[in-house]
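Spelled out from the first residue to the last, the chains are:
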Amino acid sequence: EVQLVESGGGLVQPGRSLKLSCAASGFTFSNYGMAWVRQAPTKGLEWVATISYDGSSTYYRDSVKGRFTISRDNAKSTLYLQMDSLRSEDTATYYCARAGYGGFAYWGQGTLVTVSS
Amino acid sequence: DIQMTQSPSFLSASVGERVTLSCKASQNINKYLDWYQQKLGEAPKLLIYNTNNLHTGIPSRFSGSGSGTDYTLTISSLQPEDVATYFCLQRNSWPLTFGSGTKLEIK
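Chains as they are written, first to last, in the working numbering: chain A, 30 to 146; chain B, 5 to 111.
The hints are simulated quantities; they were obtained by calculation from the structure and are not laboratory data.
Glycine residues also receive a C-beta, built at the ideal position from the N, C-alpha and C atoms.
Some hints here could point you the wrong way.
Stated by the list, open to error - A short list of chain B residues far from chain A (calculated; beta carbon distances all over 12 Å):
| # | residue |
| --- | --- |
| 1 | P12 |
| 2 | S26 |
| 3 | T73 |
| 4 | T78 |
| 5 | S81 |
| 6 | T101 |
Unchecked claim - Computed footprint of chain A on chain B, listed as stretches where at least three residues anywhere in the stretch have a Cβ under 8 Å from a Cβ of chain A:
| # | segment |
| --- | --- |
| 7 | 40 to 52 |
| 8 | 62 to 71 |
| 9 | 82 to 95 |
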């Protein structure tokens, strides 16, 4: 059974940093691209970043480029999102998802990030 | 960026009714269009990928169609458990963009 479990969310002050993790199991992690998608409270879904299966390629939405870094450790089957210079508009539930030809086939349960003073 | 416009924003329909949701892209997305279902308080779930491919375990009452800029999700016979918000996603080009969603309820 495919499982994705996010962690690392919480309350953080504007301008500070936070690192999210996503532990994967039930599939060969190193064979798949991975992504982060966020959802602000009562809002729609917003793609944040994607990383290729081997980490050689990364893609970001403009609003997080230069502030967020997506990475992965295939030996640990774990995806990361380093978030620096956080802003109030980054407040959201962050989901990790398995990416690929067939879309975002599996999602974690999400972790809430609240940016507030 | 490619803009994805979903319609309607809200839909109320009866159990057993055929329901059609629309997603329109601001440019050709070459059928790289997925549909996701999100129930209240839950993570999104993939229903359809690449326009018309049913994801594993999804009931056959869900189907997708379209090409170019216009895409449709159809529920052939609405069930109570289909109450949710439905989002489309284009994966043709970066940045990936979601539609704003269609909230579906039972009349």
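Cross-check of the supplied hints:
1. Chain A leaves P12/B outside its interface by the beta-carbon criterion, the shortest separation being 15 Å against a cut-off of 12 Å.
2. With a minimum CB-CB distance of about 16 Å to chain A, S26/B clears the 12 Å threshold, and the non-interface call stands.
3. The Cβ of T73/B sits about 19 Å from the closest Cβ of chain A, beyond the 12 Å cut-off, so the non-interface label holds.
4. No beta-carbon of chain A is positioned within 12 Å of the beta-carbon of T78/B; the least distance is around 18 Å.
5. Distance check on S81/B: its Cβ is at least 24 Å (rounded) from any Cβ of chain A, clearing the 12 Å threshold; non-interface status holds.
6. Distance check on T101/B: its Cβ comes as close as 7 Å (rounded) to a Cβ of chain A, failing to clear the 12 Å threshold; non-interface status is violated.
7. With 6 residues carrying a beta carbon less than 8 Å from a beta carbon of chain A, the segment 40 to 52 of chain B meets the three-residue requirement, and the given coverage holds.
8. Counting residues of the segment 62 to 71 of chain B whose beta carbon lies closer than 8 Å to any beta carbon of chain A gives 0, which falls below the threshold of three, so the coverage claim is violated.
9. Chain A is given as covering the segment 82 to 95 of chain B, and this holds because 3 residues of the stretch bring a CB closer than 8 Å to a CB of that chain, at least three being needed.
Taken one by one, the earlier hints fail for this structure at numbers 6 and 8, listed in ascending order.
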